[in-house]
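Peer 1: With these hints in hand, go ahead and build the complete structure from the sequences.
Number of protein chains: 2
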Amino acid sequence: MAANAESNNVDDGLTLQMVRDSLIRQEDTIVFSLIERARFPFNSPTYHPSYGSVPGFCGSVVELFVKQTEAVQATAGRFENPEEHPFFPDNLPPSLVPHYKYPEVLHPAAMSININKAVWDMYFNKLLPLFVAPGDDGNYASTAARDLECLQALSRRIHYGKLVAEVKFRDEQKDYEPPIRARDRDTLLSLLTFADVEEAVKKRVAKKAMTFGQDLKLGDGGEKGKYKVDPAVVSGLYGDWVIPLTKEVEIEYLLRRLD
Amino acid sequence: MAANAESNNVDDGLTLQMVRDSLIRQEDTIVFSLIERARFPFNSPTYHPSYGSVPGFCGSVVELFVKQTEAVQATAGRFENPEEHPFFPDNLPPSLVPHYKYPEVLHPAAMSININKAVWDMYFNKLLPLFVAPGDDGNYASTAARDLECLQALSRRIHYGKLVAEVKFRDEQKDYEPPIRARDRDTLLSLLTFADVEEAVKKRVAKKAMTFGQDLKLGDGGEKGKYKVDPAVVSGLYGDWVIPLTKEVEIEYLLRRLD
Numbered sequence: 001m002a003a004n005a006e007s008n009n010v011d012d013g014l015t016l017q018m019v020r021d022s023l024i025r026q027e028d029t030i031v032f033s034l035i036e037r038a039r040f041p042f043n044s045p046t047y048h049p050s051y052g053s054v055p056g057f058c059g060s061v062v063e064l065f066v067k068q069t070e071a072v073q074a075t076a077g078r079f080e081n082p083e084e085h086p087f088f089p090d091n092l093p094p095s096l097v098p099h100y101k102y103p104e105v106l107h108p109a110a111m112s113i114n115i116n117k118a119v120w121d122m123y124f125n126k127l128l129p130l131f132v133a134p135g136d137d138g139n140y141a142s143t144a145a146r147d148l149e150c151l152q153a154l155s156r157r158i159h160y161g162k163l164v165a166e167v168k169f170r171d172e173q174k175d176y177e178p179p180i181r182a183r184d185r186d187t188l189l190s191l192l193t194f195a196d197v198e199e200a201v202k203k204r205v206a207k208k209a210m211t212f213g214q215d216l217k218l219g220d221g222g223e224k225g226k227y228k229v230d231p232a233v234v235s236g237l238y239g240d241w242v243i244p245l246t247k248e249v250e251i252e253y254l255l256r257r258l259d
Numbered sequence: 001m002a003a004n005a006e007s008n009n010v011d012d013g014l015t016l017q018m019v020r021d022s023l024i025r026q027e028d029t030i031v032f033s034l035i036e037r038a039r040f041p042f043n044s045p046t047y048h049p050s051y052g053s054v055p056g057f058c059g060s061v062v063e064l065f066v067k068q069t070e071a072v073q074a075t076a077g078r079f080e081n082p083e084e085h086p087f088f089p090d091n092l093p094p095s096l097v098p099h100y101k102y103p104e105v106l107h108p109a110a111m112s113i114n115i116n117k118a119v120w121d122m123y124f125n126k127l128l129p130l131f132v133a134p135g136d137d138g139n140y141a142s143t144a145a146r147d148l149e150c151l152q153a154l155s156r157r158i159h160y161g162k163l164v165a166e167v168k169f170r171d172e173q174k175d176y177e178p179p180i181r182a183r184d185r186d187t188l189l190s191l192l193t194f195a196d197v198e199e200a201v202k203k204r205v206a207k208k209a210m211t212f213g214q215d216l217k218l219g220d221g222g223e224k225g226k227y228k229v230d231p232a233v234v235s236g237l238y239g240d241w242v243i244p245l246t247k248e249v250e251i252e253y254l255l256r257r258l259d
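So the protein lines, in turn, are chains A and B. Residues 1 to 259 (the UniProt record's numbering) are what the first sequence spells out, left to right. Residues 1 to 259 (the UniProt record's numbering) are what the second sequence spells out, left to right.
Since the hints were made in silico from the structure, they are not lab data. Every residue, glycine too, gets a C-beta built ideally from N, C-alpha and C. Mixed in with the good hints there might be a few duds.
What the hints assert, rightly or not - Calculated lysine-lysine pairs in the DSS-like style (CA-CA distance at most 27 Å, straight line):
hint, chain 1, residue 1, chain 2, residue 2
1, B, Lys174, B, Lys203
2, B, Lys228, A, Lys207
3, B, Lys207, A, Lys226
4, A, Lys228, B, Lys217
5, A, Lys228, B, Lys228
6, B, Lys203, A, Lys228
7, B, Lys101, A, Lys207
8, B, Lys217, A, Lys217
9, B, Lys247, A, Lys217
10, B, Lys228, A, Lys217
11, B, Lys226, A, Lys228
12, B, Lys203, A, Lys217
13, A, Lys168, B, Lys247
14, B, Lys207, B, Lys226
15, B, Lys207, A, Lys217
16, B, Lys247, A, Lys226
17, A, Lys226, B, Lys228
18, B, Lys247, B, Lys117
19, A, Lys207, B, Lys203
20, B, Lys168, A, Lys217
As the list claims (entries may be wrong) - Which chain A residues stay away from chain B? Per the calculated CB distances, all over 12 Å, these:
hint, residue
21, Glu70
22, Gly77
23, His107
24, Ile113
25, Trp120
26, Asp121
27, Asn125
28, Arg185
29, Leu192
30, Lys207
31, Lys217
Peer 2: If you want it as structure tokens, here you go:
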């Protein structure tokens with residue numbers, strides 16, 4: 001227990017307030033990214049499995065785009081930050097910028113957790129059809145760029161579950177240790193679930209969708225009831241996918257926390 | 001005059017209302033992109049002329065990042081859209097996605113106008129130090145990605161001057177032709193200037209910075225007077241740079257409009 005109690009008091013800057021503030025700030029980023037994707041219609045050629053004519057690459061425009069853009073971002077050091085997770089982690093080029101020493105707050109096992117396959121599937125197969133208009137305006141590159149912004153914002157938020165779990169673990173170590181040792185996912189899930197907090201988050205993101213997605217005019221408060229992204233879709237996104245997927249990350253992290 | 005009168009009535013879908021709506025919508029994109037850049041501190045290593053260690057490339061992380069990302073976007077067809085202008089137009093790879101037929105509303109000479117050097121200079125040397133906090137948090141790739149979003153949003157808005165000029169030219173062709181033929185920039189500038197409209201735009205973008213940049217909470221209207229990007233900086237950005245640079249594009253376009 002001595003080692004655990006010690007790690008419990010490390011002065012690495014991680015606080016519950018910091019984690020909360022980041023989660024709240026990330027909501028704005030997610031809502032902005034959805035509003036910006038909704039500027040473009042569905043643009044189905046972006047997603048056709050063989051629309052592009054790229055020698056040696058089999059996939060859609062968006063797959064090629066995300067893969068290549070992640071490679072560029074990797075050379076600029078994006079994935080050195082433990083909060084960032086690539087969608088195509090295989091064969092990423094190394095960073096060409098000098099190493100920055102990010103604070104080490106997570107258990108090293110955190111590095112092995114990446115549920116971006118689930119984030120990708122959720123975004124393209126469930127969320128996207130709910131908030132973009134049908135149609136084709138030719139802007140496939142801009143569409144893919146906006147999709148990447150949404151994907152990265154959602155991925156960052158969901159994988160932030162590692163930090164949420166770490167801070168909760170430190171606060172209530174004696175509650176978490178038995179179910180971790182027993183690999184009891186149900187108990188961990190109930191320890192991680194606060195229904196009233198989740199309801200407040202869903203209400204707040206809906207309010208952000210209303211506030212940031214209104215057609216703002218001078219002199220009045222904007223056209224009531226007309227938003228660039230339906231607030232109900234944003235609160236549903238959180239309730240149905242962001243919160244559950246975050247908990248999945250939290251549980252995966254906790255199960256490795258005592259390794 | 002017959003040919004001109006004819007071109008005056010082309011049914012290509014360009015209307016003053018459409019141009020206005022696009023300009024207003026683009027304000028939201030610009031404000032969002034500034035707020036998102038302000039998530040990160042200045043992060044000066046992003047801009048150091050020789051910070052990265054890239055064989056065969058001499059420049060800053062952000063230059064390399066923008067150049068490489070534009071290449072990826074070019075393969076996905078971004079610059080096929082006449083509203084998009086690259087910052088590094090030399091040696092861009094060809095689009096690998098099938099050609100989309102964008103409506104041809106502009107005079108072909110529009111293609112030769114690209115003032116992104118001025119946009120780049122304004123953004124990095126004037127605007128950026130006004131709205132980001134000092135400091136270094138290591139997120140150079142994310143910083144460069146956010147810079148690119150700001151640059152592209154500002155570039156699109158400023159080069160939209162081509163469409164603004166085209167729609168104004170069609171509306172008031174007899175007023176515009178004499179100064180175009182005389183290459184009289186001053187008269188063109190005064191024809192293009194509506195001080196009351198400009199004041200309204202500056203007020204509206206400040207209001208957007210307040211509305212989109214507040215810390216939104218449930219139950220109240222957010223903390224008054226505390227915004228992620230200073231609204232005065234956003235209205236100054238429009239008054240000092242976006243509006244004047246747009247007019248520069250408009251004048252360059254008009255001077256070629258009768259070629």
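Peer 1: Next, verify each hint and record whether it holds.
Peer 2: Okay, the hints, checked on the actual structure:
1. B:Lys174 - B:Lys203: violated (32 Å)
2. B:Lys228 - A:Lys207: Measuring from Cα to Cα gives roughly 18 Å; hence the hint holds.
3. B:Lys207 - A:Lys226: Since the Cα atoms of Lys207 (chain B) and Lys226 (chain A) sit roughly 18 Å apart, the hinted pair holds (cutoff 27 Å).
4. A:Lys228 - B:Lys217: holds (20 Å)
5. A:Lys228 - B:Lys228: Cα-Cα ~21 Å, so holds.
6. B:Lys203 - A:Lys228: holds (22 Å)
7. B:Lys101 - A:Lys207: violated (39 Å)
8. B:Lys217 - A:Lys217: This hinted pair holds, its Cα atoms lying about 22 Å apart.
9. B:Lys247 - A:Lys217: holds (23 Å)
10. B:Lys228 - A:Lys217: It holds: about 20 Å lies between the C-alpha atoms, which stays within 27 Å.
11. B:Lys226 - A:Lys228: Holds, at about 25 Å.
12. B:Lys203 - A:Lys217: Status holds; Cα separation ~10 Å.
13. A:Lys168 - B:Lys247: violated (55 Å)
14. B:Lys207 - B:Lys226: holds (13 Å)
15. B:Lys207 - A:Lys217: holds (9 Å)
16. B:Lys247 - A:Lys226: violated (32 Å)
17. A:Lys226 - B:Lys228: holds (25 Å)
18. B:Lys247 - B:Lys117: Judged against 27 Å, a Cα distance of about 16 Å means the pair holds.
19. A:Lys207 - B:Lys203: Roughly 24 Å separates the two Cα atoms, so the pair holds.
20. B:Lys168 - A:Lys217: With a Cα-Cα distance of about 23 Å, the restraint between Lys168 (chain B) and Lys217 (chain A) holds, given a limit of 27 Å.
21. Glu70: violated (10 Å)
22. Gly77: violated (5 Å)
23. His107: holds (21 Å)
24. Ile113: holds (20 Å)
25. Trp120: holds (18 Å)
26. Asp121: holds (22 Å)
27. Asn125: Holds, since 21 Å exceeds 12 Å.
28. Arg185: holds (31 Å)
29. Leu192: Holds, because the least Cβ-Cβ distance between Leu192 (chain A) and chain B comes to about 22 Å, which exceeds 12 Å.
30. Lys207: The assertion about Lys207 (chain A) is violated, with a minimum of 6 Å to chain B.
31. Lys217: violated (7 Å)
In summary, the numbered hints that this structure violates are 1, 7, 13, 16, 21, 22, 30 and 31.
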